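A.B. asks: If you want the building blocks of each chain, they are given just below.
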Amino acid sequence: MVTRINIGPVHPSTHGVLRLVADIDGDTVVNLEPHIGFLHRGVEKLVETRMYMQNPPYMEKLDYVAPMSYDEAYVATVEKAMGVEVKERAQWVRTILLELQRIASHLLWLGTMANDVGQFFTVFMWTFTDRDRILRLLEEASGARMFYVNMRIGGLIRDLPPGFDERAREVLSYIEKKMKKYEDFLEKDPLFTERMKGVGVLSRERAIALGVTGPVLRASGINYDVRKDNPYYVYDKLGFQTQVRSDGDCFARYKVRMLEMTESIRLVRAALDKIPEGDALGMPVKLILPSAKNRMVTLSRELPRGECLMYMVADSQRPYRLSIRSPTFINLAALKEMSRGCKTADIFAISGSLDLIMGDVDR
Amino acid sequence: MVPILSLASSYLNLTGTAATIVDTLVYAIAVSVLIIAFDYIFGWLERKTIAKIQRRHGPTYAGKYGLLQNMADFVKLLAKEHVAPKRADKLLFLSTIPTMLALTIFLVFLIPLAPTLIETNVGLGLLVVFVLLSFMPLIIFANGFGSGNKFAAISAQRSVVMLLSYEVPLIFVIAAVGALGGSYSLAGLVGAQNPWWFVVLMPIGFVVFFIAMLAEVERPPFDIREADNELIAGWLTDVSAPYYTLALFLDYSRMLLGSLLIAILFFGGWSGPLLPPFVWLLLKAFVISFFIMIIRATMVRMRIDRLLRFGWALLLPLSLINLILTYLVFIR
Chain U
1 MVTRINIGPV HPSTHGVLRL VADIDGDTVV NLEPHIGFLH RGVEKLVETR MYMQNPPYME
61 KLDYVAPMSY DEAYVATVEK AMGVEVKERA QWVRTILLEL QRIASHLLWL GTMANDVGQF
121 FTVFMWTFTD RDRILRLLEE ASGARMFYVN MRIGGLIRDL PPGFDERARE VLSYIEKKMK
181 KYEDFLEKDP LFTERMKGVG VLSRERAIAL GVTGPVLRAS GINYDVRKDN PYYVYDKLGF
241 QTQVRSDGDC FARYKVRMLE MTESIRLVRA ALDKIPEGDA LGMPVKLILP SAKNRMVTLS
301 RELPRGECLM YMVADSQRPY RLSIRSPTFI NLAALKEMSR GCKTADIFAI SGSLDLIMGD
361 VDR
Chain B
1001 MVPILSLASS YLNLTGTAAT IVDTLVYAIA VSVLIIAFDY IFGWLERKTI AKIQRRHGPT
1061 YAGKYGLLQN MADFVKLLAK EHVAPKRADK LLFLSTIPTM LALTIFLVFL IPLAPTLIET
1121 NVGLGLLVVF VLLSFMPLII FANGFGSGNK FAAISAQRSV VMLLSYEVPL IFVIAAVGAL
1181 GGSYSLAGLV GAQNPWWFVV LMPIGFVVFF IAMLAEVERP PFDIREADNE LIAGWLTDVS
1241 APYYTLALFL DYSRMLLGSL LIAILFFGGW SGPLLPPFVW LLLKAFVISF FIMIIRATMV
1301 RMRIDRLLRF GWALLLPLSL INLILTYLVF IR
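These protein sequence lines are chains U and B, in that order. In terms of our numbering, the first sequence opens at residue 1 and continues consecutively. In terms of our numbering, the second sequence opens at residue 1001 and continues consecutively.
No lab work stands behind these hints, which were simulated from the structure alone. None of these values were measured; they are calculated from a predicted model. In this text, a Cβ means the ideal position worked out from N, Cα and C, and glycines have one as well. Among the hints, a few may not be true.
Cβ pair distances, simulated, as ranges [claimed, not checked]: (1) Phe1278(B) x Phe147(U): 55 to 63 Å; (2) Arg1056(B) x Gly163(U): 24 to 32 Å; (3) Glu44(U) x Gly1063(B): 46 to 54 Å; (4) Val30(U) x Arg1309(B): 20 to 28 Å; (5) Met146(U) x Val1131(B): 51 to 59 Å; (6) Glu176(U) x Leu1275(B): 47 to 55 Å; (7) Met283(U) x Ile1294(B): 33 to 41 Å.
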């Protein structure tokens, strides 16, 4: 007999306000429908009513786990529309901040993932404590703890503070040490690997057909990363390696993210080594009288959760239209297919491995 | 009987059956107080220990070291409105949790806490305890089914599957314990562990029993019934205010019961030097509970279909091997 259960929108494991309607036969999922829209704020429309540099705070609230990435993606779109070059040092600083943000975001994901398979908040608390050290670094660089708003046209609101280099290296080696501990703790636990391996398999073909991006795509064996295939800023100068796994299950997605964190740590170190001296300040907000050179702009960025595509029709003072291809919205579409035929408890392992942020899905 | 427990009957100048009834009542009240004290202390200790493992502080504000935090929680829960869902079967929904708590207290009452406290020592105590204990999942099934909530209904189904998966190995281990001790009375079993504890004599049996007890008292990694991130709270999803308080008490009472059983069957019960036997038993139960607490903080929850396979493909053969080895080595 098939039972229909309604999971969410308020449920401990849906990471926000995702509603899943699951048809369950015994303990096997027959069908699963995600219902979204509980956190819809109409950001794309709000953006049209404000001047260019009034928008970053709105963009950051799309993905409240990795706000800096969206901030940067939007500002870069405006820069592209206006035809402004980013200053040399600012490019390096942005790369460093983005990668630090990626580590912070993945650490949060690791904690919630462990929670979703039934860990009692232990890994969650550990990763939150570690994540806080990165947030403190970002706070030093930008002045805010959660919503940074530190990108300006052509650069940043301020340069890296003095002594940032040493502190960043210290935090990175700390995170690196902790990462090994987490890997030991989780992968040596047969219960954890069992909950992850072979669960929610997404084949290579279906991954392409569904249009998933980011770690979910790379876990299905496709070597695609915007940072490698369409490099921006200084990623091509840092010897960036794409992390790929071929299994396509939850464990592969877990592993890809873990490897990505290691890779990000390496990238930040390399960037800190090579960063040139100079000026990183962007244009003051009030002095901008934008004269958009390009009418239509698209820009793609590798966010921690996948590829974000910004499509902007520029106007003189404000965006005429901004459309965002948010990575998690597309990745969520794969949930239905991945969870068909799995056990009830696996729904949460799979949705956890997709790393959903409902603010990003609903926009 | 300890003199202090028969004070009431001697004060009332009772003899015979009347004295036995009064003594038993006094003992029952003493056991209940003991259980509540244990629940309270463990409720606090578990929060503190898990907080330490997770690099947090745990409760700090209410009382010294947050000792009054649980009291505050209980008062808050008791002050809240009790809501029974409209679709719930009221009788099943409201009667099951008090029944379970009463059953747990009764089971602790059946366990001899010291050689002098064996008035309630039944000749077939081991069997009685485990027969009654195996009713628990069925009562949970009734509650989950009666609450009219789909999450609770799934939890109820899981409850029965869990019962199927660990009960048979558990019975085999108990059979081995009874055969080794040459007795089915709990006090007799403690006596039989005089030079060597049973944990030394049959380590395989202990491992199986410990795992099965974890599942029996619903501690992680076998808290599949109330898996909080899958089923919200499982069979407790719709349970509110005073009944939830009872459910919290129930949780720790069952942990005490499980630890006491492990201590009595495998760690020599109240035997130990210097300290009085009663203290020894509680100390052992305390250490075992502490261990169970640490398991909670570190393990990942098992999936229900995996538990079934685990029970039948691993625990059952192990328990059979244990039974055969025990027979071959010690009894034959």
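A.B. asks: Confirm or reject each hint.
C.D. replies: The hints, checked one at a time:
1. Phe1278(B) x Phe147(U): 55 to 63 Å: holds (59 Å)
2. Arg1056(B) x Gly163(U): 24 to 32 Å: holds (30 Å)
3. Glu44(U) x Gly1063(B): 46 to 54 Å: holds (52 Å)
4. Val30(U) x Arg1309(B): 20 to 28 Å: Once the Cβ atoms are compared, 22 Å apart, the range 20 to 28 Å for Arg1309(B) and Val30(U) holds.
5. Met146(U) x Val1131(B): 51 to 59 Å: Check passed, 56 Å falls within 51 to 59 Å.
6. Glu176(U) x Leu1275(B): 47 to 55 Å: Given range 47 to 55 Å: holds, Cβ gap about 48 Å.
7. Met283(U) x Ile1294(B): 33 to 41 Å: Roughly 56 Å apart at Cβ, these two residues miss the hinted range, so it is violated.
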